[in-house]
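Visitor: With this note's numbering applied, the sequence shown covers 168 to 454.
Be a bit skeptical, because a hint or two may be false.
Keeping only pairs whose Cα atoms sit at most 27 Å apart, straight-line, the calculated BS3-like set for lysine-lysine is [said to hold, decoys possible]: (1) Lys386 x Lys328; (2) Lys399 x Lys328; (3) Lys399 x Lys308.
Quick list of simulated restraints, FRET-style, between CB atoms [claimed, not checked]: (4) Lys218 x Glu379: 26 to 34 Å; (5) Met183 x Gly304: 17 to 25 Å; (6) Lys311 x Glu419: 37 to 45 Å; (7) Gln414 x Ser203: 18 to 26 Å; (8) Arg416 x Thr191: 35 to 43 Å; (9) Glu379 x Arg408: 37 to 45 Å; (10) Glu265 x His181: 17 to 25 Å.
By construction, these hints were calculated from the structure, which means they are not laboratory data.
Glycine is no exception: its CB is placed at the ideal position from the N, C-alpha and C atoms.
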Amino acid sequence: MTAEPAAILGSEMHMMDSQHTGRTYRITISLPLGYSVSSSEGWPFNNTPTKWPVVYVLDGNWYFGMVTDMIRPMSWCGSTSDAIVVGIGYAEDKDPIEAFRDSFTRRDFDLTPIRDATVEKSMEQAHKRPAPNGDAGNFHKFLKHELIPFVEGDYRADPSKRILIGHSYGGLFALFSLFETPELFDTLIIGSPTLSYGNRITFQYEETFAKEHKKIPAKVYLYVGELEEDIKNETLTDTLRLAAVLQGREYEGFSLVKHVFLDQNHCEVSAPGFQWGLKSALKKEKS
168 MTAEPAAILG
178 SEMHMMDSQH
188 TGRTYRITIS
198 LPLGYSVSSS
208 EGWPFNNTPT
218 KWPVVYVLDG
228 NWYFGMVTDM
238 IRPMSWCGST
248 SDAIVVGIGY
258 AEDKDPIEAF
268 RDSFTRRDFD
278 LTPIRDATVE
288 KSMEQAHKRP
298 APNGDAGNFH
308 KFLKHELIPF
318 VEGDYRADPS
328 KRILIGHSYG
338 GLFALFSLFE
348 TPELFDTLII
358 GSPTLSYGNR
368 ITFQYEETFA
378 KEHKKIPAKV
388 YLYVGELEED
398 IKNETLTDTL
408 RLAAVLQGRE
418 YEGFSLVKHV
428 FLDQNHCEVS
438 APGFQWGLKS
448 ALKKEKS
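Hey, can you work out the whole structure from these sequences and the hints?
Guide: Encoded structure:
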């Protein structure tokens, strides 16, 4: 029996060069199964919208498929909407191990806000290749000025329903985006953010932001695992501290819901965290 590569139904891929980062991204896009059909097709394609929410998935090499296959079956019972899913990732080597290491080191550069030499050295030793970090500013410009305009220009995307989802360093970047351009995304699903990075610089960003802003026009779903706490890891404590700080500011137009998943570690919690956040972010309004 001859094996052929598997692909997600209704998906496509673009290689996109960025002028802001000088790097190339593997953009994977899955369209709602009802994207091109009329409402006469019947369940579950009745009452399809003219424009669709868009979920932008950080670490798309790892999470694009999972997010797509969560959103679609959830929508079949009618309480949540299907969505366009945009995975933001990197070109893949044919060797799975090399592909993993490449994406791991490249995301370190894109998702972290400042250079951390200690982390850089550790990643270089672990993955046997250069692992620079600290380029979130340019990566954010890529999303804002290149990727989002491309998606909203080429697809029936609803600009009022942009959702950003990220875990770990992806969660760290989502917070960077929130304080950099709070109106860019309507909803952010932020999982287990690596708040210890850069001597906890995210708390400094928030403090600076709070001095100049009284409004955040966004909804945040913030999750973390109960087991993300030990002598070397304070992700649980840091995440709850951040939630308390943000809620205490009482930003106008801002809502934050947090959830601690019991008996879940840093790697396990992404799946239930994504599903929890997506269920809320894509919930249909009752007519």
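Visitor: Against this structure, judge whether each hint is valid.
Guide: Structure-based check of each hint:
With a C-alpha separation of about 11 Å, the suggested pair Lys386 and Lys328 falls inside the 27 Å cut-off, and the hint holds. Annotation: proposed proximity of Lys399 to Lys328 is violated, straight-line Cα distance about 38 Å (limit 27 Å). At roughly 33 Å between alpha-carbon atoms, Lys399 and Lys308 are farther apart than 27 Å, so this suggested pair is violated. Range check, Lys218 to Glu379: Cβ separation about 33 Å, and the 26 to 34 Å hint holds.
Between Met183 and Gly304 the beta carbon distance is about 18 Å. The supplied range of 17 to 25 Å therefore holds. Distance hint for Lys311 and Glu419: a CB-CB separation of about 22 Å, inconsistent with the stated range 37 to 45 Å. For Gln414 and Ser203, the hinted distance range of 18 to 26 Å is not satisfied, since their beta carbons lie about 42 Å from each other. Between Arg416 and Thr191 the Cβ separation comes to about 38 Å, which falls inside the hinted range of 35 to 43 Å.
At roughly 21 Å, the beta carbons of Glu379 and Arg408 sit outside the given window of 37 to 45 Å. One distance hint, 17 to 25 Å for the beta-carbon pair Glu265 and His181, holds here, with the actual separation near 22 Å.
Consistency with the previously given hints fails for numbers 2, 3, 6, 7 and 9, ordered from lowest to highest.
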